[in-house]
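In order, the protein sequence lines correspond to chains P and D. Numbering of the first sequence is given in the working numbering, commencing with residue 198 and proceeding in unit increments. Numbering of the second sequence is given in the working numbering, commencing with residue 198 and proceeding in unit increments.
Simulated from the structure, these hints should not be mistaken for laboratory data. Accuracy of the hints is not assured; some may be wrong.
Chain copies aren't distinguished; within one or between two, either way the pair holds.
[Said to hold, decoys possible] Below, simulated EDC-like cross-link-like pairs (lysine to aspartate or glutamate); rule was C-alpha separation at most 16 Å, straight line:
(1) Lys288 - Glu301
(2) Lys288 - Glu249
(3) Lys282 - Glu301
(4) Lys229 - Glu271
(5) Lys235 - Glu271
Protein chains: 2
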Amino acid sequence: MISKTPQPPYYAVIFSSLRTEGDNGYCEMAEKMIELAKVQDGFLGAESARNEIGITVSYWKDAGSILKWREHAEHSIARIYGREKWYTAFKVRIALVERDYGFER
Amino acid sequence: MISKTPQPPYYAVIFSSLRTEGDNGYCEMAEKMIELAKVQDGFLGAESARNEIGITVSYWKDAGSILKWREHAEHSIARIYGREKWYTAFKVRIALVERDYGFER
Chain P
198 MISKTPQPPY YAVIFSSLRT EGDNGYCEMA EKMIELAKVQ DGFLGAESAR
248 NEIGITVSYW KDAGSILKWR EHAEHSIARI YGREKWYTAF KVRIALVERD
298 YGFER
Chain D
198 MISKTPQPPY YAVIFSSLRT EGDNGYCEMA EKMIELAKVQ DGFLGAESAR
248 NEIGITVSYW KDAGSILKWR EHAEHSIARI YGREKWYTAF KVRIALVERD
298 YGFER
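Based on the provided sequences and hints, a complete structural model is requested.
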């Protein structure tokens, strides 16, 4: 569940969001988008959790693969719905992962 | 709740974790650490959510302020407990936020 990303450098897209009330088709689309992201060139993994705030971090090989995913037709439609229906606020941060380390029992 | 970070560039520390069973003093320490982080030089904000996976993203002015926080005495003790008691696995990724954008209703 913690993404098995390669040695840095690679990119992270940190998506932080606050949801509107109700599902309004959100869950179905969220699952669809993650399945679609997985088959994109340069996709390295994603992690997601939500309590009051939702945080989804997706990992990408380079800035070009993020841009292509941003412009993907179905993802573009989902992004429009996001502003119209699903989120009261969100922030997207595009970040270059410079180093990482981990621990496993 | 979504951190009001300044114009990029700034740093994000993405902490992804899987917890052990039980609290074992975790919640108290987690709250203490966030209060302590808030008063560190260069701290810009933090966002946190947990379901099966926990994701905490903290934002920092520069790499130096991250390093100082890493070496902070109380935080160092918490980090040791993390490996001993609280986590079955974690990953820390240090990333330079190059651009961001957002939406608010």
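Checked hints:
Taking identical chains as interchangeable, the C-alpha atoms of Lys288 and Glu301 lie at most 16 Å apart only when they sit on different chains, with a minimum of 9 Å there against 30 Å within one chain. In this homomeric assembly, Lys288 and Glu249 come within 16 Å of each other (Cα to Cα) only inside a single copy, at 15 Å, whereas the closest approach across copies is 23 Å. Proximity of Lys282 to Glu301 under the C-alpha cut-off of 16 Å is restricted to the inter-copy arrangement: shortest distance 12 Å between copies versus 39 Å within a copy. Taking the shortest alpha-carbon separations for Lys229 and Glu271, only the intra-copy value of 9 Å comes in at or below 16 Å, while the best inter-copy value is 43 Å.
Proximity of Lys235 to Glu271 under the C-alpha cut-off of 16 Å is restricted to the intra-copy arrangement: shortest distance 14 Å within a copy versus 39 Å between copies.
Of the hints listed earlier, there is not a single one the structure fails to meet.
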